[in-house]
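S.K.: All chains should be modelled from the sequences, with the hints used to inform the complete structure.
Protein chains in written order, with the working numbering: chain A, 2 to 122; chain B, 2 to 122.
None of these hints come from the bench; they were simulated from the model.
One or more of the hints may lead you astray.
As the list claims (entries may be wrong) - One-sided and incomplete, this derived list gives chain A residues near chain B with beta-carbon spacing under 10 Å: (1) Ser12; (2) Val13; (3) Ile14; (4) Ala15; (5) Val19; (6) Glu20; (7) Thr22; (8) Glu28; (9) Arg31; (10) Ser34; (11) Arg37; (12) Val51; (13) Leu72; (14) Arg100; (15) Glu106.
All values derive from a computational prediction rather than experimental measurement.
In this text, a Cβ means the ideal position worked out from N, Cα and C, and glycines have one as well.
Number of protein chains: 2
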Amino acid sequence: MADTGTYDRSSVIASDRVEGTAVYNPEGERLGSISRLLIGKRDGQVECAVLSFGGFLGIGHEHYPLPWRMLSYDLDKGGYVVALDKKQLEDAPRYELSREPQFDEAYTKALYQYYGVAPLF
Amino acid sequence: MADTGTYDRSSVIASDRVEGTAVYNPEGERLGSISRLLIGKRDGQVECAVLSFGGFLGIGHEHYPLPWRMLSYDLDKGGYVVALDKKQLEDAPRYELSREPQFDEAYTKALYQYYGVAPLF
Numbered sequence: 002m003a004d005t006g007t008y009d010r011s012s013v014i015a016s017d018r019v020e021g022t023a024v025y026n027p028e029g030e031r032l033g034s035i036s037r038l039l040i041g042k043r044d045g046q047v048e049c050a051v052l053s054f055g056g057f058l059g060i061g062h063e064h065y066p067l068p069w070r071m072l073s074y075d076l077d078k079g080g081y082v083v084a085l086d087k088k089q090l091e092d093a094p095r096y097e098l099s100r101e102p103q104f105d106e107a108y109t110k111a112l113y114q115y116y117g118v119a120p121l122f
Numbered sequence: 002m003a004d005t006g007t008y009d010r011s012s013v014i015a016s017d018r019v020e021g022t023a024v025y026n027p028e029g030e031r032l033g034s035i036s037r038l039l040i041g042k043r044d045g046q047v048e049c050a051v052l053s054f055g056g057f058l059g060i061g062h063e064h065y066p067l068p069w070r071m072l073s074y075d076l077d078k079g080g081y082v083v084a085l086d087k088k089q090l091e092d093a094p095r096y097e098l099s100r101e102p103q104f105d106e107a108y109t110k111a112l113y114q115y116y117g118v119a120p121l122f
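M.R.: Here you go:
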């Protein structure tokens, strides 16, 4: 992530603090919040942060995995900022919790390709 | 992590599934459970999984950060197995939630050194 130098003095963050953190677009509109991180089992690399929004009490929520490095933390907003517009989200890979995809290499590869981000792995 | 090939077919795991998962020693004794992951903000690398045990309703809990690569998933046990004995935990770096340390580079370096594990970063 970029711009986290002043986030706080520590260089690491706890997973349970990332979960639930708000996500904004560069225009300051709230897109949703991070529901979970997807982590490579072998190498412990966070591949995606899942942006979730919509629905009520978890029903009808849409889940959009985003490459981790697309997120930067904004101290003033107290949340992550992602360079995403709603148009881009329309066609983006998403899933419903009841129909969670197989997060295999092909899935994450396609995801990184969609956002034009080089994979970390 | 080693031995996760048959864990399930996907190569990634969600952070909220790791949190709460039981941790055993090689003798099959339950040591505690994973309370959170500590993630490098910039590179998205899971540096530690925090093993927590003791206490009641979160009071008096002890938290032991462990290098991620010390964990391997055991399908039969439905939890992680870590090559740790109680003696080793006695002197291990730990913290109480009310006195969370600064997780800077020096902290994680000392942690990896304590367990004799080469850092991933």
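S.K.: Can you verify the interface hint for Glu20 of chain A: is its Cβ closer than 10 Å to any Cβ in chain B?
M.R.: Holds, about 7 Å.
S.K.: Measuring from the C-beta of Arg37 of chain A to each C-beta in chain B, is the shortest one below 10 Å?
M.R.: holds, 5 Å
S.K.: Take the shortest C-beta to C-beta distance between Ile14 of chain A and chain B; is it under 10 Å?
M.R.: holds, 5 Å
S.K.: Does Arg100 of chain A pass the interface check with chain B, least Cβ-Cβ distance below 10 Å?
M.R.: The hint is violated - Arg100 of chain A has no Cβ within 10 Å of chain B, the shortest such distance being about 14 Å.
S.K.: Given a cut of 10 Å on the nearest C-beta pair, is the interface hint for Val51 of chain A held or broken against chain B?
M.R.: This interface hint holds because 8 Å falls under the 10 Å limit.
S.K.: Please check whether Glu28 of chain A passes as an interface residue: C-beta within 10 Å of a C-beta belonging to chain B.
M.R.: violated, 24 Å
S.K.: Against chain B, run the beta carbon of Ser12 of chain A and see if the smallest gap drops under 10 Å.
M.R.: OK, holds: Ser12 of chain A within 10 Å of chain B, min 6 Å.
S.K.: Under the criterion of a CB-CB separation shorter than 10 Å, is Thr22 of chain A in contact with chain B as hinted?
M.R.: The hint is violated - Thr22 of chain A has no Cβ within 10 Å of chain B, the shortest such distance being about 12 Å.
S.K.: Ser34 of chain A was flagged as interface toward chain B. Is the shortest Cβ-Cβ separation under 10 Å?
M.R.: Violated: closest Cβ of chain B sits about 13 Å from Ser34 of chain A, beyond 10 Å.
S.K.: Does Leu72 of chain A hold up as a contact with chain B if the rule is Cβ-Cβ below 10 Å?
M.R.: holds, 9 Å
S.K.: Does Arg31 of chain A pass the interface check with chain B, least Cβ-Cβ distance below 10 Å?
M.R.: Nearest chain B Cβ about 21 Å off; hint violated.
S.K.: Against chain B, is Val19 of chain A within 10 Å by beta-carbon distance?
M.R.: Where the cut-off is 10 Å and the nearest Cβ of chain B is about 7 Å from Val19 of chain A, the hint holds.
Checked against the numbered hints listed earlier, the structure breaks hints 7, 8, 9, 10, 14; every other hint is satisfied.
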